[in-house]
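*Asks:* Position one of the sequence shown corresponds to residue 1 (our numbering), numbered consecutively onward.
Calculated directly from the structure, the hints in this document are not laboratory data. Any given hint could be a false lead.
Said to hold, decoys possible - In silico lysine to aspartate or glutamate, EDC-like type, Cα no more than 16 Å apart, as pairs:
{"id": "1", "residue 1": "45", "residue 2": "223"}
{"id": "2", "residue 1": "45", "residue 2": "156"}
{"id": "3", "residue 1": "29", "residue 2": "9"}
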Amino acid sequence: MLVLARMRDESIIIGDEITVTVADIRGDKVRLGIAAPRHVSVHRKEVYDQIRRENQAAAGLQPGDVAGAVKSPSMRAGNGPAPTGDTPEARLLMRAALDQARHSAAGGGLPIGAVLVRNDQIIGRGCDRSIQSGDPTATAVIDCLRNAGRQLAYGDTVLYTTLLPDHVAAGAVVQLGIGRVVIGEAVHARDGAPPKPPVANLLRAAHVEVLDLHDSACVEMVDTFMREHPERWRSSY
1 MLVLARMRDE SIIIGDEITV TVADIRGDKV RLGIAAPRHV SVHRKEVYDQ
51 IRRENQAAAG LQPGDVAGAV KSPSMRAGNG PAPTGDTPEA RLLMRAALDQ
101 ARHSAAGGGL PIGAVLVRND QIIGRGCDRS IQSGDPTATA VIDCLRNAGR
151 QLAYGDTVLY TTLLPDHVAA GAVVQLGIGR VVIGEAVHAR DGAPPKPPVA
201 NLLRAAHVEV LDLHDSACVE MVDTFMREHP ERWRSSY
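Assemble the whole structure, with the sequences as input and the hints as a guide.
*Replies:* Here it is in structure tokens:
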């Protein structure tokens with residue numbers, strides 16, 4: 001292993017196409033800015049390992065393995081959120097949230113999306129509009145809840161969001177009494193920076209069930225966006 005010492009704003013060059021710059025140093029954490037061509041994938045080590053595991057698992061799937069994806073018994077009407085966690089149906093619903101994230105990115109916004117679900121039916125969709133509207137509170141979760149409209153109750157709803165919610169969105173989840181939050185990934189979230197406590201801890205303390213799918217598509221989408229639009233991500237998130 002080659003070990004190089006670098007200071008803030010100093011860079012190293014890998015080959016002819018990749019530049020790694022030390023963007024910030026805070027205690028034992030170092031933030032790196034990476035400039036690489038689009039055909040080169042850049043991931044955190046733990047994310048790369050997760051993607052490899054998911055790809056290996058997907059290679060072994062048979063048609064019968066996903067036969068229940070459209071209607072999972074654990075999510076039938078009246079049964080509430082599925083206690084079994086990561087199901088094929090959860091992955092399908094996360095795809096709907098991903099579509100919202102792509103819609104935001106295509107319109108000049110951040111690639112974050114969310115959907116609100118009751119009894120397998122999407123009742124609200126939203127994407128991050130903080131850049132487009134100039135409103136820092138117009139996150140994907142808030143946009144989704146606004147589009148869903150006022151509900152008589154929220155305890156039987158499930159919120160799917162491509163990225164771990166921020167504290168504003170988490171407060172809305174707790175205030176409304178949403179029973180469950182399923183997130184696509186949390187590796188890109190600015191979560192719990194002092195003095196703020198981690199969002200997942202806040203939600204669980206309010207008896208909200210939290211499930212992280214560690215979804216590789218959600219991770220790759222933000223990785224690509226950060227590589228192609230680093231200034232937009234830094235200035236807004």
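*Asks:* Tell me if the straight-line CA distance from residue 29 to residue 9 falls inside 16 Å.
*Replies:* holds, 15 Å
*Asks:* Going straight from one Cα to the other, do residue 45 and residue 223 come out at no more than 16 Å?
*Replies:* holds, 13 Å
*Asks:* Is the hinted pair residue 45 and residue 156 satisfied, with a Cα-Cα distance of at most 16 Å?
*Replies:* Not satisfied, since the Cα-Cα distance of roughly 36 Å exceeds 16 Å.
Of the numbered hints given earlier, the model fails hint 2 alone.
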